[in-house]
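Given the structure of chain A, go ahead and fit chain B onto it with the hints provided.
If you read the protein sequences in the order shown, they are chains A and B. Positions 35 to 413 (my numbering) are the ones given, in order, by the first sequence. Positions 344 to 934 (my numbering) are the ones given, in order, by the second sequence.
In short, the hints are calculated from the structure, not lab data. As the structure is a computational prediction, the values presented were derived from the model and not from experiment. Using N, Cα and C, we set each Cβ at its ideal position, and we do this for glycine too. Hints may contain errors.
[Stated by the list, open to error] These stretches of chain A come out as covered by chain B in the derived footprint (C-beta under 8 Å, 3 or more residues):
1) 198-212
2) 236-249
3) 262-268
4) 300-312
5) 331-344
[Stated by the list, open to error] Cross-link-like lysine to aspartate or glutamate pairs, in silico, DMTMM-like; alpha carbons within 25 Å at most:
6) A:K396 - B:E412
7) A:K396 - B:D402
8) B:K715 - A:E376
9) A:K232 - B:D832
10) B:K715 - A:D363
11) A:K393 - B:E473
12) A:K396 - B:D469
[Said to hold, decoys possible] Just a few of them, taken from the derived set where beta-carbon distance is under 10 Å, the chain A residues facing chain B:
13) L287
14) D288
15) D363
16) D365
17) F366
18) T367
19) L368
20) R369
21) E375
22) R377
23) M397
If you want the building blocks of each chain, they are given just below.
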Amino acid sequence: MPSGPWRHQKKNPPLPSGSALSTGSASRPVRRAFRQWVLAGILALTPLPWVYAQSLPAIAQSPAAADKTQASARTPARTPARTSRPVALDACAAMPQFARQLRFIGGLYLSTNLKNRDGLFLMGRLPNGQMASWRHPSWAETGPVSAYARDKRGNIYLAATPFVQAASDAAWRYRTVWKIDSTTGVLKPWLTLPVAAKPHAGNPYGILGMAYDCTTDSLYVTSVMGSDYEHKKGIVYRIDVGTGTVEKLITGLDAMGVLAMASAKTGKQLLLGSARSSAVLAVPLDRHGKTAGKPRLLFRLQQAAGGRDDRARRLQLNRAGELTIKAMDFDFTLRSASDAEERWYRYQLDPATGQWKFKNVKMVRDRLRAAGLSARPAD
Amino acid sequence: MSLRFFFITCLTLFGCVSMAAAANPASPIKALAGGLDQSRALAQQLALASPLVQKKLQDPATGQPLRAEVFAVYPVSGNELGSAHERCNGSGCYRVDIYDWARNATVSVWVDTLAVQVQAVQRLPDSSPELPDHWIQQAIALAQHDKRVRQALAKAQKTHAAPDMARVRTSLNHTACELSRHLCVAPTFELGDKALWAIVDLTAQRVVGVKWTDLGDYDADLPTESNLIKHQIYRDYCRGPVSLKRDGWEMQYQLTASDGLRLSALKYRGQPILQDVRLVDYHVSYSDKDGFGYNDAIGCPLFSSAAVAAFAPPQIRTVDSKQAVKEIAQTPETGDKLPVKEAVAEKPDEKNATAISGFEILQDFRHPLWPKPCNYRYQQRYRFYADGSFSLAAANLGRGCGAHAVYRFLFRIQPAFYPGQQWLKKSPHGFQPVTQESWQAWPEKTALATDALPPWRWQTPEFSYAVQPVFEPPEQARAYVYLVRHHSDEGDSNLPTLGSCCHLDHRQGPESLIDQPPESITDGRWVLWYVPVIENNPTPGQERCWAETRLVNGVYQVKVWPCWAGLRFQRQSGAAERAATQENPRKKENH
Chain A
35 MPSGPWRHQK
45 KNPPLPSGSA
55 LSTGSASRPV
65 RRAFRQWVLA
75 GILALTPLPW
85 VYAQSLPAIA
95 QSPAAADKTQ
105 ASARTPARTP
115 ARTSRPVALD
125 ACAAMPQFAR
135 QLRFIGGLYL
145 STNLKNRDGL
155 FLMGRLPNGQ
165 MASWRHPSWA
175 ETGPVSAYAR
185 DKRGNIYLAA
195 TPFVQAASDA
205 AWRYRTVWKI
215 DSTTGVLKPW
225 LTLPVAAKPH
235 AGNPYGILGM
245 AYDCTTDSLY
255 VTSVMGSDYE
265 HKKGIVYRID
275 VGTGTVEKLI
285 TGLDAMGVLA
295 MASAKTGKQL
305 LLGSARSSAV
315 LAVPLDRHGK
325 TAGKPRLLFR
335 LQQAAGGRDD
345 RARRLQLNRA
355 GELTIKAMDF
365 DFTLRSASDA
375 EERWYRYQLD
385 PATGQWKFKN
395 VKMVRDRLRA
405 AGLSARPAD
Chain B
344 MSLRFFFITC
354 LTLFGCVSMA
364 AAANPASPIK
374 ALAGGLDQSR
384 ALAQQLALAS
394 PLVQKKLQDP
404 ATGQPLRAEV
414 FAVYPVSGNE
424 LGSAHERCNG
434 SGCYRVDIYD
444 WARNATVSVW
454 VDTLAVQVQA
464 VQRLPDSSPE
474 LPDHWIQQAI
484 ALAQHDKRVR
494 QALAKAQKTH
504 AAPDMARVRT
514 SLNHTACELS
524 RHLCVAPTFE
534 LGDKALWAIV
544 DLTAQRVVGV
554 KWTDLGDYDA
564 DLPTESNLIK
574 HQIYRDYCRG
584 PVSLKRDGWE
594 MQYQLTASDG
604 LRLSALKYRG
614 QPILQDVRLV
624 DYHVSYSDKD
634 GFGYNDAIGC
644 PLFSSAAVAA
654 FAPPQIRTVD
664 SKQAVKEIAQ
674 TPETGDKLPV
684 KEAVAEKPDE
694 KNATAISGFE
704 ILQDFRHPLW
714 PKPCNYRYQQ
724 RYRFYADGSF
734 SLAAANLGRG
744 CGAHAVYRFL
754 FRIQPAFYPG
764 QQWLKKSPHG
774 FQPVTQESWQ
784 AWPEKTALAT
794 DALPPWRWQT
804 PEFSYAVQPV
814 FEPPEQARAY
824 VYLVRHHSDE
834 GDSNLPTLGS
844 CCHLDHRQGP
854 ESLIDQPPES
864 ITDGRWVLWY
874 VPVIENNPTP
884 GQERCWAETR
894 LVNGVYQVKV
904 WPCWAGLRFQ
914 RQSGAAERAA
924 TQENPRKKEN
934 H
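Just chain A, with the same shape it has in the complex:
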């Protein structure tokens, strides 16, 4: 089993054999245990329940369910034309091998939002029902993380981002794709992307979005490195995960969130959240995962009822074909500790017209809590 620090267990021995971590209050223990038992059961029975999937993507269910996920990775992706619902093209993403050895029960989740936001963590429930988090010691190397994606082999790809202040090696760090090896759980720099210009005081950012496409084994990455007020120097990349080949798909576009999806009406598409406005764009893709047309405006978050001038930082499709867009304020300035507030927008694709219909938006101040994953049980 990989060793590493347990966030809620500084003074206690490592996790194995169901040792209880001290999280939350101990009032009404029987009632809470029952509630947690029920919740764990729901997680085990329902792969990727949407409320969880839209907040922090589950990377595994129970070990048995994980086996099922691995098996599905070997089968071809569902042909988009056979369903009227839109589907995300990362459904084959598999549970990392190292995660099987962790003794969490129910679903496992990736989180970048724990205290101090100093990197990626795994979260899950212990056998006693308590939420806990874990990471390999090497994961601290990235610092704060902006985006991540998983492939069909169980590898995790992620990107570092400045938070409150920029790193001294920003020019390298924020354009590097990092990889957590599925087998060992060790994080290492994987690829450093070619950019149009270096980061500067007016824009310390680099990679902001990442999405995987099972059908072409492609990793799509968005970067805004080098852009300034007058010049859009952002790039959307396609990385062939098998060969590590990097291709600049779109240049001169500052994008944040990215999602590879397909539907019978729209075909295969890359959805992109603009980093400069609340626009959500679509780019048609061919069967090789390359662009087959120009970016097209789908809608603006600001024009939804209750919408704001937000930026779409993460786009997720659940199994019902419902698109959740996690959005926040973004002005190319540094984020600070207080900027935890964001809004989650939900849209549904009209299968007849191929148009996205706005459903609702909700304000989220505590993402973990909103996802039901707070270490402290929700009220």
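For chain B alone, kept in the frame of chain A given last:
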């Protein structure tokens, strides 16, 4: 049944509004007047009479009513009925939407008029209902009468253009103004391939901005109060320095990416004074044990490395004599009262204050959600007086992430170069020049005989200044001062955050610029770093560096207890100059 009978009787015989109002004369919620049929009027009155509704429109702490108004009353459609409202019979069921002006929230009330009772109440924060017609007309009227709108339409030769009503309802109708969280709408005038947006704040009853947009550019922001201001600040103050001449002073100022409002090429009556001044960082520490905190950079609201961004353009305004005296009065004294007549002249009273009145440049940096917890507001202030004196200061206006926070402001001050200019610090033997790179804690642990005098002097062949710390309020004043040799790669351009957030001693970052062995600064090529230290306090009656939201007349207002710290440079004339460099003779006698 009796209540239902009462209301039906009321409707039939007397009209609903007057009777229902009589039934609930104390309801502070403004009803929707006119255009309501009997059923809707009944629904409205039942909603307003509901204790639960009234409770949801009160301040939770004090129970005082908030400003609230019914915006819409309409029958509930079948597909809207969720599990919470299933008891509402479709035919007699109405929804009453009430807007909470104080908190920018919507309280929706489901009323069954047949059962004569409220079935469900929901509150949706950060939202507003569809606007009633009178508010739409008010928004359009405000837009059409705004000078900027009239000028823009005249320029486009469309003086009689009417705004697009659809966009009033769909684009910003449901959003709060980002800055104020007020109710804002955007009547839009479409003119060919462009659109003119007028952002109207209905809470404050004013037009907060106008903007043209290209209708086809997906990367262009749709205008909101927030992005209009941000773009204006960026274009006018971030892209290059702005020149200013006033009252004998000349300077350039510019908002930087992370060093606050930078001042450069400062001259007084043509005489170079400062080459460059900036506020590099705010260090905030929340725990003296765990080393937890932040380095907050301040700067431009777009495309910058600022964690707390400029919220408004720099303000230039007159400093009257009272403000000048107040600032001088806030220079802390660690010893006895001023003993020397000439030194008293540095602390003018109301009578001679006119001579020192001048002007100030004030810059506000703020998180949009301030003063909510873990949101910050900082200010930077430069003051210039007619007698050649000036001051630079920064403020923390709360509220931060908690009590017992220690704030340190990192000022970098590069004087104009005069060969042989000296920085002198007070010592038991009078003022002594600092000859090599070093740092100093102020006040000294041992009080000096001359503590009542400004602790430092800056002396050039052409002029000299007495330099005094400024703290408002003056309690717990302490600071660190660093003299380092000037090197262009040590801060001439925009600096990233410097040093650790959480060292509570002199290790604030500038000490790393002191070489080992320290370099000589006798040729006059030096830079001054000044780091005042301030602790916040939320204790009622002792608030400092703090902000609270309070309910006043049904609307929340912010009460602020700012804390300022900086340096005052008092221009020395002949007699005062000599006195300031002398030891205190009376103190000397005592020794």
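Hints violated by the structure (listed by number, smallest first): none
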